[in-house]
Amino acid sequence: MSVLVVTEHLQGTVRDVTRELVTAGRPLGPVAVAVIARDPGPLAAAVDVEGVEEIVTVAAGADEFEGDTYQQALEALIESRRPRVVLLGFTVNAMSYAAAVAAKLGLGYASDVHGVALEGEAVIATRSFYAGKVSAELEFPGAETVLLLLRPTTWPPAEGTGGAAVSSLAVEVAPPRARHVEFTEPAATGDVDITQADVLLSIGRGIGDADAIAQFEGLAAKMGATLSVSRPIVDAGWMPASRQVGQSGKTVKPKVYLAFGISGAVQHLAGMKASGTIVAVNTDPEASIFGVAHYGAVVDLFDVAEELEKLY
Amino acid sequence: MRTVVCIKQVRTLGDEVEFTDDGRDVDPDYVDLALNEWDSFATEEALQLKERLGGEVVVVTCGPEESEAALRRCLAMGADRAVRIEGVAAHDPIGVAHALAEVVRDEEPDLVLCGVQSSDSVQAATGTALAELVELPRVAVVTRLEPGDGKATAHRELEGGLVDVVEVDLPAVLTIQTGINQPRYANLRAIKQAEQVEITVRQAASAPAASRVRRMFVPPRGEGAEMLGTDPGEVARRIADLVKERTA
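Chains as they are written, first to last, in this note's numbering: chain A, 24 to 335; chain P, 1197 to 1444.
For the record, the hints were derived by calculation from the structure and aren't laboratory data.
Glycine is no exception: its CB is placed at the ideal position from the N, C-alpha and C atoms.
Treat each hint with caution, since some may be false.
To be verified - Covered stretches of chain A (in silico footprint by chain P; criterion: 3 or more residues with CB under 8 Å from a CB of chain P, positions within the stretch not fixed):
id: 1; segment: 46-53
id: 2; segment: 113-121
id: 3; segment: 265-277
What the hints assert, rightly or not - Not close to chain A: a few residues of chain P, all C-beta gaps over 12 Å, as computed:
id: 4; residue: 1220
id: 5; residue: 1252
id: 6; residue: 1260
id: 7; residue: 1265
id: 8; residue: 1288
id: 9; residue: 1289
id: 10; residue: 1393
id: 11; residue: 1394
id: 12; residue: 1400
id: 13; residue: 1408
id: 14; residue: 1410
Please construct the entire structure, taking both the sequences and the accompanying hints into account.
Structure representation (structure tokens):
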């Protein structure tokens, strides 16, 4: 039983999820960590954490991620090492090549996995369906290797120093068909920084339409809170991306997070679950947001907003 | 320009859930059906490209007859043709990709668009697996698309909102993120017309499964939230107190 973790890095820095994968992989078997980059050396040092038995570097491709390079490198790693389990983060980069590797090599596959276990030789992965209302155990009949994309911030990151042996694998990669050109930041709007707020009044799809934005801006100002939003509000063009909480927006940790009309998609929860006190107001008693909230109310958010107006 | 858009009719659960007798899925009596949100953005993107560059838009789905409602929604938005593939196991995105690949090979499209993920499964895998099976380049989580001569510029949205600008050879498979456009509403006349369109039905060839659901269950609730009651005035007072207490 062996485990292969693929390092995720961006602009020269190893991302936290890689050390979380090490933690998740250790109970399954000896963990080897692969580093794929034009110059993997400096990155390899950063993944030499406790629990890593071996580091395998693949010097290939560009400095930044390109899906075709990662696909070819991972295929070569799997063919040479025959791991039982391959662990990647459930990230935008992994989404760009992992399923291609699984389809090509006939691997077992699942993503957004939040639990992994061994039952004898069988790998069992636990993940959610139906907007988090249902969990499922997945099995992978007949698969020699199982490729799993694990949900970030589910396992604690491995710490310390491993003293792992470092080896390298030579892989010839073809020129990528999709090529990194440049990174751009979302346009700065000269707006407030929601990561600095003590109190966030956060609104989601439940507000219904754009007309309600002004009302909640007013309420936030009265309460001394900052207005933030979930993704659908930004997608609809009602508020700028700088106000968005979640995986594709900002990760926030205010003292108080007031979620009004936010059902709690996984990507949203990842961006706010570390908040000090979370209060959720939603008409759906089964909404996922209640799973992370400290306080909740199943009541119309406009009725509560109206009552709050009177108190400030 | 021929664009194939791969869509899914997704299931949403209400307050109650029951499982099928084998325990591997939810009882269909307890679900509502809808066009996957990401796929409405993918369809809109294909329609806007057709308006600029000409050509046709073909929508494809895997599912039982009832999933034709999702195809008809796309037809009402302006798609030209629709294909439904029968006999594909649910919840295995790689199996779905194998079935879609048969149609994509036959259609020989200039572009294939999928949603990033489906709201009921959230695997974010189908488009990337499909690209491999039809031997096309791919870009996942696209928030902007500018096709050029033989290649396109695409914006990939990374975590934290950072954008990775990539250049991709065409034809390609792209998975489309919400917010890339504003999906149009279909008018009543278009909805009526879409009801009359004949949908091509195909049978999937058997494909290896990359996973199988062993059992589904309602996850155990943790401590859960302390509920503040249902009186809006009382809820508001408690919220105001909490804000005051926790920021003191």
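Now the hints, each set against the structure:
no.	hint	verdict
1	46-53	violated (count 0)
2	113-121	holds (count 8)
3	265-277	holds (count 6)
4	1220	violated, 8 Å
5	1252	holds, 25 Å
6	1260	holds, 18 Å
7	1265	holds, 19 Å
8	1288	violated, 8 Å
9	1289	violated, 7 Å
10	1393	holds, 29 Å
11	1394	holds, 31 Å
12	1400	holds, 15 Å
13	1408	violated, 5 Å
14	1410	violated, 5 Å
Taken one by one, the earlier hints fail for this structure at numbers 1, 4, 8, 9, 13 and 14, listed in ascending order.
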